[in-house]
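Chains as they are written, first to last, in this note's numbering: chain A, 48 to 387; chain B, 48 to 387; chain C, 48 to 387.
Rather than coming from a laboratory, the hints here were simulated on the basis of the structure. One should not assume that every hint holds.
The calculated DSS-like cross-link candidates involving lysine-lysine, where the alpha carbons are at most 25 Å apart (straight line), are [as the list claims (entries may be wrong)]:
1) K301(A) x K102(C)
2) K112(A) x K139(A)
3) K102(B) x K301(C)
4) K125(C) x K139(C)
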Amino acid sequence: MADPRFYPEAQPISIADIAELARGEKARGCSSLMARFIGAPDAMAEGGLCFIATKDAAETVPDQKGVICLVAPELADKLPSSVAIVVTPDPKRAFGLVMRKMYPEPAPIQSQQISPLAHIADDAVIADDVRVDGGAFIDARAELGKGVWIKSGVKIGAGCVIGDGTVIDSNASIDYAIIGQSCQIGAGVVIGGCGFGVGRDGGNILLPHLGKVIIGNRTTIGGNSCIDRGFIDDTVIGDHVMIDNLVHIAHNAKIGNGNVICGQVGIAGSTVIGDQNIFGAQAGVADHVTIGSGNVFAARAGVTKSVGDGQVMAGFPAVPALEFRREVATLRRLAMPRKK
Amino acid sequence: MADPRFYPEAQPISIADIAELARGEKARGCSSLMARFIGAPDAMAEGGLCFIATKDAAETVPDQKGVICLVAPELADKLPSSVAIVVTPDPKRAFGLVMRKMYPEPAPIQSQQISPLAHIADDAVIADDVRVDGGAFIDARAELGKGVWIKSGVKIGAGCVIGDGTVIDSNASIDYAIIGQSCQIGAGVVIGGCGFGVGRDGGNILLPHLGKVIIGNRTTIGGNSCIDRGFIDDTVIGDHVMIDNLVHIAHNAKIGNGNVICGQVGIAGSTVIGDQNIFGAQAGVADHVTIGSGNVFAARAGVTKSVGDGQVMAGFPAVPALEFRREVATLRRLAMPRKK
Amino acid sequence: MADPRFYPEAQPISIADIAELARGEKARGCSSLMARFIGAPDAMAEGGLCFIATKDAAETVPDQKGVICLVAPELADKLPSSVAIVVTPDPKRAFGLVMRKMYPEPAPIQSQQISPLAHIADDAVIADDVRVDGGAFIDARAELGKGVWIKSGVKIGAGCVIGDGTVIDSNASIDYAIIGQSCQIGAGVVIGGCGFGVGRDGGNILLPHLGKVIIGNRTTIGGNSCIDRGFIDDTVIGDHVMIDNLVHIAHNAKIGNGNVICGQVGIAGSTVIGDQNIFGAQAGVADHVTIGSGNVFAARAGVTKSVGDGQVMAGFPAVPALEFRREVATLRRLAMPRKK
């Protein structure tokens, strides 16, 4: 159950409404049954809602009236007989939608709330319903759109644009950036730092970087990730990209829409990435390669060459996942001590 | 010698007291001999204390009266004849205890010290002897226990609880978290960010996360590490866990007591880890695996499957370290160019 | 073209001056021709300056009068006939120098600018022309040299020294550190955190760390990187070291001059590194190893043993790059399914 220290009381929802949100079907249970809290399968009690992802999970649900389970068709018959059931093809996603309904986002900001402990440059352009918390620093000519929330300690550099409804979490540092609408930028994120472009000539020099960072709409970035600004042109991140914690995206990268980038991934400079790829945790992509769309890169994959579309890649240097598994098995076999 | 710019003058300690703290034995030297500073073996002079971990280190100690060396039994006879000796099985640990005695922690905070540049919500609950530095932001209903020190720029989110004696270093961002007593949370740490739970259905959605983060007592977290909050239930970290810099711990992970997690490690979602394991630098653990207790994972180990107790694992996918070394050697041999 | 939201208008520069800065030769074009903006090769128009690194790039330049290209000798004849040409051995580096001329660094700070929202300890020592932005926290006895700029939310711990002309970007946390002149410290960087020195004896203890961090001149550190302070002696980073984002440098490391350390690299404790090495992204170096000068470590290299000078190393455990490539090729061959 969501801890009342942190979350408001849930708004109850009927099994009929759950089935509709889930694009699913009520398979068992009284139509007027209400879910009043969410929880894990083994924590279910009367009024509870859970989702079932595995047979093992199904078996932990108590055999109790008044419990509602979101479940895929093939697991429905593993549930105890007393629980109510909504059958849906993707129970976890459906659960997410119901959670959002039961625990709605806080109401939008109604009026400007600027902390007296925040610094706002005289020529910053701030919409009527923006909130800026203490310790934040909004520099010259920055523009904050409608409903933007700048949390404590955030720096918004000169000239930056933050689109409507975007939330910048505490202690993020944003420079040289145009950020779209309804983005969630995590705490401690650094956007717009100088790209790591090194010239060598009897000693290294860090090249000046005169580009910027452009981020689309509904993109989320996890805590302490870093996105550098471009060298001459820009670092560009599309719409609805999901970036986890501690990810590094270098100067001039172009990342399309709908990509999922897991924790501690690194994307090197000037790499171009299409849409809807998944990058597993701790993966890396070399500089100046081109990656298509719809690929899956396993955790730790180290991508050193360009990749087309729809591949599943693994290993370092990354190869098709099947080859990687064959290589692992081959080496294991060859290294096995001979029986005497 | 500890730089007086940063550290107070040492409190002298007698060789007898050193031997007692070290649970060791004075093997050579006058009982009234005092250590007045600490340093590396090759920087020893009259009044100095060092510890000896290797034969090479032993040989760098100057042959000088008034020097005290903490040393393991097997290296005692490598030291020059003039130095005083305390023999102890773990000289480095003993040295740590003596250091703490010579350079005690700063005295506890005696009275409330709240910076006028900090934001404290009206309904935050703050013990009498709490210190909160400038630029910090303490949100609604947050609770700060006795002797808590919130350094500059820290954000403590609504409802968070910080246990007695815990120190939160500068610019950390804490949300949705219950943190125990006597913890040290590093600068720039992000606790309680939204877990990276992705639902897919004609486009990715970042699932709402309604869990929290629970951290036990005496746990330390290094700079810029990230710990996400749980999805439905909680991310839990036990007592006396030691986490280094830039570590990523994902939503719903359960990490037992006494684990040591080195720099840049990543622990994926919903993984369950027992007690007293060691994770070498840049290691990774996949999601939904179960790890027992007392294991050692080498640097860069990539753990993809559940592991029992007391194993030493290495490589990616991780295997017993012996197998990993055999695989490395086998490949090296097979790849060697044939002699003609 | 540099976005006027973020960058001032360029100062025009003549092709003759470009050739001089580039230590190159004007090979084609009127001497009075001026560059008035910079851009990518395919974005060139009258008054534009670009550099040409590849044959492909050369072919994207429009055949247009009034365009100036910096180009290496071997690519000069790939450019269209109307463009003006300056031939130089390292066009990218030359371009960087010209960029710096056309878009000079902002004028040095002329007078002390201390935000009323910054905390400055009474006994901090601050030069006349220092700038300190809102939310910054300058602790006791800290010293800020001439022309230092402390951006918003930065913490400068007690006793720290920041050399002339150094810029500390937003939300960095600096403790126990002596930093040289003309350094650029990135946003969110953590310097001087407690080293991760663990003693084991029936339970782990985090050893007290009484060392500091010393950083030379003209060193740059990327966003959210962490550098721990030493245990007894110091963590030392030389002059003109270039460190990218999310890099972890552990306690007591000694890093010489001119090293280039790419994103997400980890350098473990007490390791000693010479001068002018390059560490590719996500590389790691084990603790207590010694590395000479002029080496190149490929991305993901995991260095487990000491290395001399001038090597090119790759893989984990790292071996000469040639061996690594041979190992990769050998395994690929051995794992290939047999033809039937």
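To see whether the hints hold, each was checked on the structure:
Pair hint K301(A) plus K102(C) holds up; C-alpha atoms about 22 Å apart against a cutoff of 25 Å. In summary, the hint linking K112(A) to K139(A) is supported, as the alpha carbons are separated by about 22 Å, within the 25 Å threshold. Among the hinted pairs, K102(B) with K301(C) is consistent with the structure: their alpha-carbon atoms are about 22 Å apart, no more than 25 Å. For the given pair, K125(C) sits about 17 Å from K139(C) by alpha-carbon distance, which is consistent with the 25 Å threshold.
No hint from the list above goes unmet by this structure.
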